[in-house]
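Residue numbers (the numbering used here), protein chains in the order written: chain V, 1 to 380; chain S, 381 to 698.
Computed from the model, here is a short list of chain S residues facing chain V with C-beta under 10 Å:
1) E588
2) L589
3) E590
4) A592
5) Q594
6) I595
7) S598
8) T602
9) V603
10) R606
11) V607
Quick look at which bits of chain V chain S covers, simulated, 3 or more residues with Cβ under 8 Å:
12) 108-114
13) 118-125
Beyond 10 Å from chain S on every Cβ pair, some chain V residues (computed):
14) Q80
15) S156
16) Q202
17) G279
18) Q305
19) S318
In short, the hints are calculated from the structure, not lab data.
Cβ atoms here follow ideal geometry from the backbone N, Cα and C, with glycine treated the same way.
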Amino acid sequence: MSTQSLTRPAEDSPATSLAAGGSSVELFDVVKRYGEATAVDGISLTIEPGWFVTLLGASGSGKTTLLRMIAGFIDPTEGQIRIDGVSMHGVAVHRRGIGMVFQNYALFPHLNVYRNVEYPLARAKVPAKERRSRIDEALGSVRLTGFEKRMPSQLSGGQQQRVALARAIVARPRLLLMDEPLGALDRNLRESLQIEIRQLSQRLGVTVINVTHDQEEALTMSDKIALLSDGKLVQFGTPEELYLRPSNEIAADFIGESNIFRGQARAVGTGEVAVEVPGGRVVGLGAGVDDGDACLAVVRPGDVQLAGAGSQLDGVSSVTATVTDVIFAGESRRVLLRGADGQQLIARVPVGAPFDLSPGEEVAMTWPTAACRCVRTSAA
Amino acid sequence: MFAPLRPVAAHTDRRPNEDEVTTLDSATVPDQAVRSKAAPRPAWLSGIGAFQSAAVLYMAVAFLLPVLLMTIRAVSDPQNFVDAFSSGIFRRSIWTTVRMSLTVTVVCLVVSYPYAYVLARARRTIVIILATCLLVSFWTSTLVRTYSWQLLLNNTGLINTAMVALGIVDEPIRMMGTDFAVYLGMAHVLAPYTVLTIYAQMRAIPRELEEAAQIMGSRPATVFWRVIVPLSRPGALAGAVLVFVMALGFYITPQILGSAQNVYIGTAIVQQVQAFLSTDVGAAQAVVLLLIVLITLAVGGKYLGIGRILGLDKAGQR
Numbered sequence: 001m002s003t004q005s006l007t008r009p010a011e012d013s014p015a016t017s018l019a020a021g022g023s024s025v026e027l028f029d030v031v032k033r034y035g036e037a038t039a040v041d042g043i044s045l046t047i048e049p050g051w052f053v054t055l056l057g058a059s060g061s062g063k064t065t066l067l068r069m070i071a072g073f074i075d076p077t078e079g080q081i082r083i084d085g086v087s088m089h090g091v092a093v094h095r096r097g098i099g100m101v102f103q104n105y106a107l108f109p110h111l112n113v114y115r116n117v118e119y120p121l122a123r124a125k126v127p128a129k130e131r132r133s134r135i136d137e138a139l140g141s142v143r144l145t146g147f148e149k150r151m152p153s154q155l156s157g158g159q160q161q162r163v164a165l166a167r168a169i170v171a172r173p174r175l176l177l178m179d180e181p182l183g184a185l186d187r188n189l190r191e192s193l194q195i196e197i198r199q200l201s202q203r204l205g206v207t208v209i210n211v212t213h214d215q216e217e218a219l220t221m222s223d224k225i226a227l228l229s230d231g232k233l234v235q236f237g238t239p240e241e242l243y244l245r246p247s248n249e250i251a252a253d254f255i256g257e258s259n260i261f262r263g264q265a266r267a268v269g270t271g272e273v274a275v276e277v278p279g280g281r282v283v284g285l286g287a288g289v290d291d292g293d294a295c296l297a298v299v300r301p302g303d304v305q306l307a308g309a310g311s312q313l314d315g316v317s318s319v320t321a322t323v324t325d326v327i328f329a330g331e332s333r334r335v336l337l338r339g340a341d342g343q344q345l346i347a348r349v350p351v352g353a354p355f356d357l358s359p360g361e362e363v364a365m366t367w368p369t370a371a372c373r374c375v376r377t378s379a380a
Numbered sequence: 381m382f383a384p385l386r387p388v389a390a391h392t393d394r395r396p397n398e399d400e401v402t403t404l405d406s407a408t409v410p411d412q413a414v415r416s417k418a419a420p421r422p423a424w425l426s427g428i429g430a431f432q433s434a435a436v437l438y439m440a441v442a443f444l445l446p447v448l449l450m451t452i453r454a455v456s457d458p459q460n461f462v463d464a465f466s467s468g469i470f471r472r473s474i475w476t477t478v479r480m481s482l483t484v485t486v487v488c489l490v491v492s493y494p495y496a497y498v499l500a501r502a503r504r505t506i507v508i509i510l511a512t513c514l515l516v517s518f519w520t521s522t523l524v525r526t527y528s529w530q531l532l533l534n535n536t537g538l539i540n541t542a543m544v545a546l547g548i549v550d551e552p553i554r555m556m557g558t559d560f561a562v563y564l565g566m567a568h569v570l571a572p573y574t575v576l577t578i579y580a581q582m583r584a585i586p587r588e589l590e591e592a593a594q595i596m597g598s599r600p601a602t603v604f605w606r607v608i609v610p611l612s613r614p615g616a617l618a619g620a621v622l623v624f625v626m627a628l629g630f631y632i633t634p635q636i637l638g639s640a641q642n643v644y645i646g647t648a649i650v651q652q653v654q655a656f657l658s659t660d661v662g663a664a665q666a667v668v669l670l671l672i673v674l675i676t677l678a679v680g681g682k683y684l685g686i687g688r689i690l691g692l693d694k695a696g697q698r
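Chain S with its partners taken away, still in its complex shape:
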């Protein structure tokens, strides 16, 4: 709906159900908005400029303002932070969230590499099929996809029913309410991001380099490890930062698929606000989450070149 928005920003519009806790948006989008405003374009009221300033305005009202209000509310009384950290559930949820987000990131990378490689190198028909699968999944609501996993993973779900029927197991394996289910569901939602960042980088690798490696005695696996992986690493790392940050802000998927013991940070905050009715402490906890996200992005931006993938800096090094 807002033409000048770049993909990362655009996705927020499609995903209102992850709302407050998807802190990625509040972290990166203002950044983009500020930059586009800062771009030396004197005719900022005409043409694209007008669209951009509309986007800036929208972002300011829809994202910056709420985040600002929340932050003010949290810091107005330092006791809020003391209370926030006094909650054992919250302290544990930070660790759980970081640990699970890291795992999901690794899963995404492992799954995405071969997918992106095939996407970058296969012949046209296969590329069209793979790209369609990727995009349809990408465009389907997270809520829908999460409930689909529930249908598959239930004790009476498709997988368990099939395994029992085939005699692989005697009774259903509990998959719902486990970390495994959360990894599966989150990686499913997030893998398209790593696939696309890795794919973009792989497309830029000349096929000649693979041929050179081949004729110098590399078997296909060696070509992949020695040529494809190192040359696509910037894309993979940028995708990893992106996915990690988005995973930190997840709420629905761990809530529906996850266990009651390993509470995700988003769940902890919602609990604080809705069950304990302490909005100020919840705000402080949300600020903590926001800080984790900002630090990750800052470190990622500095060392991994995430900006290059998001198109935030000037032309890449190569």
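Extracted from the complex, chain V is given alone in its bound form:
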């Protein structure tokens, strides 16, 4: 069992001997039902070796259920999970050779740091003399050398998190699962650990599947984000794709601040769609939209340009709105606006740009056509 998965010979990498490459993970129409409730509703996903993939979603979106199915703690009701092309159906958790970081770290309270990190090596029957060097290296890679004798209760949250990480990688897994690994830490620590984990996983070449509800964390750490909602896969793509080209309202809403306009498509050109919305006209990119379709258009606040009513704008889009508030936010000003139908809109204007708007003023919003994405609303 263990020889097959846990102790694959390490590829001789100068960077670290803990590197063992990454696994591919494929999900085929995975479904998990609990009685009447469907937690995961037909998710298919292909994860290439070495990718850092984040399963992002609100609570109840099915992200943790999906992760636990990959780990083997629960079995899918339908569908198949393959790791390195091998179906995991009927493969017990302890035979999967996966590393995992748990939400509350799950360090063994009765074992010191050294024994905790040694645990997977002992189970894999790694010779005693080899253990020492691997534990040293794992603890070194999370910068915890010298903490071997401490008990978990004597460590801070961030240190416990790193022990958990060291313990998860010491057996050289090719797949590392992380269940909200940074959820319990304060903001500063979270940000530095995000970068640390990201760099470590790149150095090891390990495939990582990370679960979080924190979109910033997802954007910072991931090669790919799988956005889940109500047990379904909403969008799977790079952080940039999700941010700049959200494929629907859920994606637009979840990732970052955005302005969402609804209306009917008029004048559909090649790749471009004009949408008639309350207070004006929105032009953006969109494929597969027909004349007359109900549409929604998404524009990020940073792409919005504002001009006092009446002044000339260079964009073809134009939506009138009223300034409700101006918030100074360091590098930019956040301008809150109210659209013609009362909806909340937002623009972000760089601090360097000339700015003379005040609350109550009526303005026109516009943007480069390429910055706006139009999607047909399926419900309509």
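Starting from the structure of chain V, add chain S where the hints point.
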């Protein structure tokens, strides 16, 4: 009937038939009572305080006083102790009692671990069934349970009849009047205590720890030995001390199920008082038993954290 009494104390009320020889009660209960009195609660005459002082009073009259009188009677003449130990039956009964109590304790632990684990982890319906079995057995009189074993273990009892009928054995195996029968009967009475102390500890083990052990390559048996057992050890040890001390004071079960050769300490004392009519020597022997119990509790309390399980000390370490 006395609301503020904790479970260990409450059980004495349900079990008058083990009476004088169940020395656990006289050993632990005054301890609890004293502590609750010592608690910094100025309004000790109102509300819970009044209940507690009533309990203290009851315990003082019902337990401390008899034990005190017995002790005075025993120590009033040191010759009593000389006489007590001059009895070969008594000397042997001490060893028999300690040996059998230890065996029963081990049996209880072995039986309780899997039971408690299932109780802590199984799904609801199974938990309800197991908990019901445990509690019904717990609440049934020791006397009734002991006689039930007699019905099962007799030469003409259910087990022997069935085995002969099925051709497993040619003639009935003698089980009544053996140490085996005593172990069976006592473990049956005492195992609920270890099940409950172990269960309480297991419930506090996060399931995540088991999952972590699993994904790091532990098969289920390894998870149990490497994670569940070490983390529930304090509960097991406390339960073991509890059961051992209670086993020392048993009377009915070894008397009914046991052999005439291996006399239990309680039987030896009763013999001393009822057959030889030497109450003073019997009192001295009872004081010896009481001392064994107190020493066990003191050692257990110091090294095994039994106080934590009984709720006698402040919040646990973890």
